[in-house]
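J.: Chain residues, written in single-letter form:
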Amino acid sequence: MAKLPKTDELLRINFQPPKTGWQETPVDFKPGTWLYAGKAESLETLGLANPRQWSPEDEDWKLPENWKEIILEGLRERLGKFRSLQLFMDTCVRCGACADKCHFYLGSGDPKNMPVLRAELLRSVYRKDFTTAGKIFGKFAGARELTPAVLKEWFYYFFQCTECRRCSVFCPYGIDTAEITMIGRELLNLVGLNIDWVVTPVANCYKKGNHLGIQPHGLVDSFEMLTDDIADITGVQLDLSFNRKGAEVLFIPPSGDVFADPGTHSLMGQLMLLHEIGLDYTLSTYASEGGNFGLFTSHEMMKRLNSKMYAEAKRLGVKWILGGECGHMWRVINQYMDTMNGPTDFLELPVSPITGTRFENTKSTKMVHITEFTADLIQNNKIKLDPSRNDKHIVTYHDSCNPARAMGLLEEPRYILKNVCNNFYEMPDETIREKTFCCGGGAGLGADENMEMRMRGGLPRANAVKYVHEKHGVNMLSCVCAIDRAVLPPLMHYWVPDVNVCGVHELVGNALVMKGEKKREESLRFEPIGTEEDNDV
Amino acid sequence: MGLNFSLLIVAALILAVFLGVEALGLSFLFGVIIPYLAIATFIIGFILKVVKWAKAPVPFRITTTSGQQKSLPWIKDNKIDNPATTSWTMVRMALEVLFFRSLFKNTKAELVDGKKLTYQWEKWLWLAGLVFHWSFLIVVVRHFRLFLEPVPAFVTLIGKIDGFFMVDLQNVYITGVLLLAAVTFLFIRRVLIPQVRYISLAADYFPLFVIMGIATTGILMKYFYRVDVVSIKELTVGLFSFNPVIPEGVSVLFYIHLFLVCTLISYIPFSKLMHMGGIFLSPTRNMPNNSRAERHINPWNYPVKVHTYAEYEDEFRDKMRAAGLPLDRESSEAEAAATKE
Chain A
1 MAKLPKTDEL LRINFQPPKT GWQETPVDFK PGTWLYAGKA ESLETLGLAN
51 PRQWSPEDED WKLPENWKEI ILEGLRERLG KFRSLQLFMD TCVRCGACAD
101 KCHFYLGSGD PKNMPVLRAE LLRSVYRKDF TTAGKIFGKF AGARELTPAV
151 LKEWFYYFFQ CTECRRCSVF CPYGIDTAEI TMIGRELLNL VGLNIDWVVT
201 PVANCYKKGN HLGIQPHGLV DSFEMLTDDI ADITGVQLDL SFNRKGAEVL
251 FIPPSGDVFA DPGTHSLMGQ LMLLHEIGLD YTLSTYASEG GNFGLFTSHE
301 MMKRLNSKMY AEAKRLGVKW ILGGECGHMW RVINQYMDTM NGPTDFLELP
351 VSPITGTRFE NTKSTKMVHI TEFTADLIQN NKIKLDPSRN DKHIVTYHDS
401 CNPARAMGLL EEPRYILKNV CNNFYEMPDE TIREKTFCCG GGAGLGADEN
451 MEMRMRGGLP RANAVKYVHE KHGVNMLSCV CAIDRAVLPP LMHYWVPDVN
501 VCGVHELVGN ALVMKGEKKR EESLRFEPIG TEEDNDV
Chain B
1 MGLNFSLLIV AALILAVFLG VEALGLSFLF GVIIPYLAIA TFIIGFILKV
51 VKWAKAPVPF RITTTSGQQK SLPWIKDNKI DNPATTSWTM VRMALEVLFF
101 RSLFKNTKAE LVDGKKLTYQ WEKWLWLAGL VFHWSFLIVV VRHFRLFLEP
151 VPAFVTLIGK IDGFFMVDLQ NVYITGVLLL AAVTFLFIRR VLIPQVRYIS
201 LAADYFPLFV IMGIATTGIL MKYFYRVDVV SIKELTVGLF SFNPVIPEGV
251 SVLFYIHLFL VCTLISYIPF SKLMHMGGIF LSPTRNMPNN SRAERHINPW
301 NYPVKVHTYA EYEDEFRDKM RAAGLPLDRE SSEAEAAATK E
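Line by line, the protein sequences are chains A and B.
For the first sequence, my numbering gives the first residue as 1, with consecutive numbering after it.
For the second sequence, my numbering gives the first residue as 1, with consecutive numbering after it.
It should be emphasised that the hints constitute simulated quantities derived from the structure, not laboratory data.
Quick caveat, the model's predicted, so the values are computed rather than measured.
Warning: the hint list may mix true and false statements.
[As the list claims (entries may be wrong)] Lysine to aspartate or glutamate pairs mimicking EDC-like chemistry, simulated, CA-CA at most 16 Å apart:
no.: 1; chain 1: B; residue 1: K52; chain 2: A; residue 2: E77
no.: 2; chain 1: B; residue 1: K116; chain 2: A; residue 2: E470
no.: 3; chain 1: A; residue 1: K207; chain 2: B; residue 2: E294
no.: 4; chain 1: B; residue 1: K108; chain 2: A; residue 2: D429
no.: 5; chain 1: B; residue 1: K116; chain 2: A; residue 2: E430
no.: 6; chain 1: A; residue 1: K363; chain 2: B; residue 2: E294
no.: 7; chain 1: A; residue 1: K418; chain 2: A; residue 2: D391
[Unchecked claim] Here are a few chain B residues that sit away from chain A, every Cβ distance over 10 Å (derived from the structure):
no.: 8; residue: P59
no.: 9; residue: M166
no.: 10; residue: D168
no.: 11; residue: N290
[Claimed, not checked] So the derived label-pair ranges between C-beta atoms look like this:
no.: 12; chain 1: A; residue 1: E77; chain 2: B; residue 2: V229; range: 52 to 60 Å
no.: 13; chain 1: B; residue 1: F280; chain 2: A; residue 2: E77; range: 22 to 30 Å
no.: 14; chain 1: B; residue 1: K123; chain 2: A; residue 2: Y425; range: 24 to 32 Å
no.: 15; chain 1: A; residue 1: E300; chain 2: B; residue 2: I43; range: 38 to 46 Å
no.: 16; chain 1: A; residue 1: P497; chain 2: B; residue 2: K108; range: 23 to 31 Å
In this text, a Cβ means the ideal position worked out from N, Cα and C, and glycines have one as well.
Input sequences plus hints: build the corresponding full structure.
T.: See below:
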């Protein structure tokens, strides 16, 4: 694996575009800035095209003989299926407003990371084969031939976009690079070009129910480890149920939270809360993944993985579904799930049995976000909280891209945070809410071999954290996204070493006063509770 | 390259009219035939393009949300930037179309001291864009006094307001000046900002030069060369009433002006200038973010291959049983069938 440059070296970013025009500047597969190719075995599991052993560094990518035909035909088909694609190909005026909105551009200075140019990579081919002007004027109209070099460029840059949609907030025509990247990746998949950090989790999820490929018994064991920890910390023993028919609610967290810190702490907080209020819920081993890396593969793959949620809810006969803290999962649930796999006539309008609140905003999809659920509990005074247990944390909140820009879940987590901790500070306005910056590892780019690019892409986020760290002493970066919890810790370690990362419900779990609990001395991380000074005494 | 190429084309176009009208006497071609062709190209091309877009389905509700969603009743939602209803979506769209709301939010990022990223409100692109588009619209409306007889009252009124300022005892249409200034700013910006220059194509410079040419010839005719407006109006009213005539005494400057206008409008359907129609259809802006409350239908939704629970249980039955997980069947269908036999 490539060596990660030092921070001062990485900060020497050259924003001056190269002398050669972008069409004449070939892509450079610099180690540390791209991801390994998808394993043949995973492609076979999923029935994806062209499974083989290959590497982006190879000269020959072992494409099918008629690859060009496949791609152009795929593009034609998608132009007919997505009005978005047609408009986003036709209407860009190249005003450049999007340029410095992209975290990868800000962190790398590579002009092809300007959203406009990322889109031009596809647009230039579109012009050549699908527009009158491009057919007649060719290069002068910004058209170019689809060649293996262009395909390599697509691969590099469509897997160097985290589909965060920040640029689409600023675009005067609402052009959404996520849409272009998603369709670009779909086209690449048609000829067997994908990355292993996406395609293997997808294969795992397809066969075993979750991205990590945890088998049912392993999943039960993992949850038991969490409840053992909870029992150690609180003295309260939780009794979880799996695949239980007749439960009122099916709870689906992202699987990343079952296995890796600090996600586990956040999941523990959620389990403690659901236990404390006595919700009649079950977990599923079959639908044990909230996230959906299918979103990072193709629309079809997204649907194939997502189908399990409703299928399992129907099989178990639950009334509604509760979803955990995950970012892209909520883009799928908010914008795709019901359209793809609905209608949900077998479910009921979600009603909180504790507060009686009817979640009218979910009346078709029938799936509630855990922070909506918890915020409602707090607002109705249904849980007892001791925020002082989080006093040693000076907290800020990182809006995850998808809940922010593909849903608008902004206030719910903030309301919870303000109730479970006493020290909360916002990062600068230009870096939060709908203007939030990506963690640098979303959309399947969180692999370690991509570390340099992750640190570059995460720079704007880290820089804003650094600002509140220096100004207010912030030492805890909270979030509601499992990918964040996986990739923000190394990002903080690199740029702002004194800041830790947690899920919002970890802080809920710390603050939650449970019936029959013992005196809490340790946080969910088994660290002493209270401020540094308290502990010194 | 794109810049020079575009400039050359526009210069050639101007030269073509000049030679055509002055040397070859092709007034009828430039004054009647080309305008009719251009208008037809514009109308038919525009409609075809919009119909082509409109025919493509919108499979998913991919609204870009730029504010708080509508969820719990006590959480204040941002009705404009994250609309939950069609009427608020129309408000969002109106602000977008009329005032370029998204561009208004534009910021400029800078890496200060090589380590601190800062973001400043960047209003100039928004301002120049707004001035450019509004001025252009008013200029176009003002021109109706040359096409229509009698002149509608609102056209006269707009002209009066627009020409409120006097310079050297002469009314000056402020929008004409603003249009030229704004388009010049947009051009200079495109050339001077290295990133924007890097992404610019000939197709970006070309319309700027054409519009500059239109504005310049317009201003020259109005204030400097004092062309014969009566004969020009005879020509334009003739065009619009389908009784085309070529009166005497129409300046070549007018033919250049007219030809550049024809170039521009016939170029629109084949170019990025279609953004004027596209903005209304943009799926990230023109739909409410209510897809959890109301099911959005994808007309081409098709069944996909899924891994069913039954298949999953078949694969993991023994492990699930050992872990104490409930099972739907004690053995797989195949095994059960085999046992029966």
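J.: If a hint holds in the structure, say so; if it does not, say that too.
T.: A quick look at each hint next to the structure:
A distance of roughly 14 Å separates the Cα atoms of K52 of chain B and E77 of chain A; the hinted pair therefore holds under the 16 Å criterion. This hinted pair checks out: K116 of chain B and E470 of chain A have alpha carbons roughly 12 Å apart, not beyond 16 Å. As the CA atoms of K207 of chain A and E294 of chain B are separated by approximately 31 Å, the hinted pair breaks the 16 Å bound. Proposed proximity of K108 of chain B and D429 of chain A is supported: the alpha carbons are some 14 Å apart, at most 16 Å.
Straight-line distance between C-alpha atoms of K116 of chain B and E430 of chain A comes to about 14 Å, which keeps the hinted pair within the 16 Å bound. As the CA atoms of K363 of chain A and E294 of chain B are separated by approximately 7 Å, the hinted pair is consistent with the 16 Å bound. Only pairs whose Cα atoms come within 16 Å are accepted, and K418 of chain A paired with D391 of chain A is accepted, the gap being roughly 12 Å. Chain A draws P59 of chain B into its interface by the beta-carbon criterion, the shortest separation being 6 Å against a cut-off of 10 Å.
The non-interface label for M166 of chain B is consistent with chain A: the shortest C-beta to C-beta separation is roughly 35 Å, beyond 10 Å. Once the 10 Å rule is applied to beta carbons, D168 of chain B is consistent with being away from chain A; the minimum gap is 36 Å. With a least beta-carbon separation of about 8 Å from chain A, N290 of chain B fails to lie farther than 10 Å from that chain, contradicting its non-interface assignment. Evaluation of the 52 to 60 Å hint for E77 of chain A and V229 of chain B yields a pass: the beta carbon distance comes to about 55 Å.
With their beta carbons about 25 Å apart, F280 of chain B and E77 of chain A fall inside the hinted range of 22 to 30 Å. Our hint of 24 to 32 Å for K123 of chain B and Y425 of chain A holds, since their Cβ atoms are close to 28 Å apart. For the hinted restraint 38 to 46 Å between E300 of chain A and I43 of chain B, the CB-CB distance of approximately 39 Å keeps it satisfied. Hint check: P497 of chain A to K108 of chain B, Cβ distance near 29 Å, so the stated range 23 to 31 Å holds.
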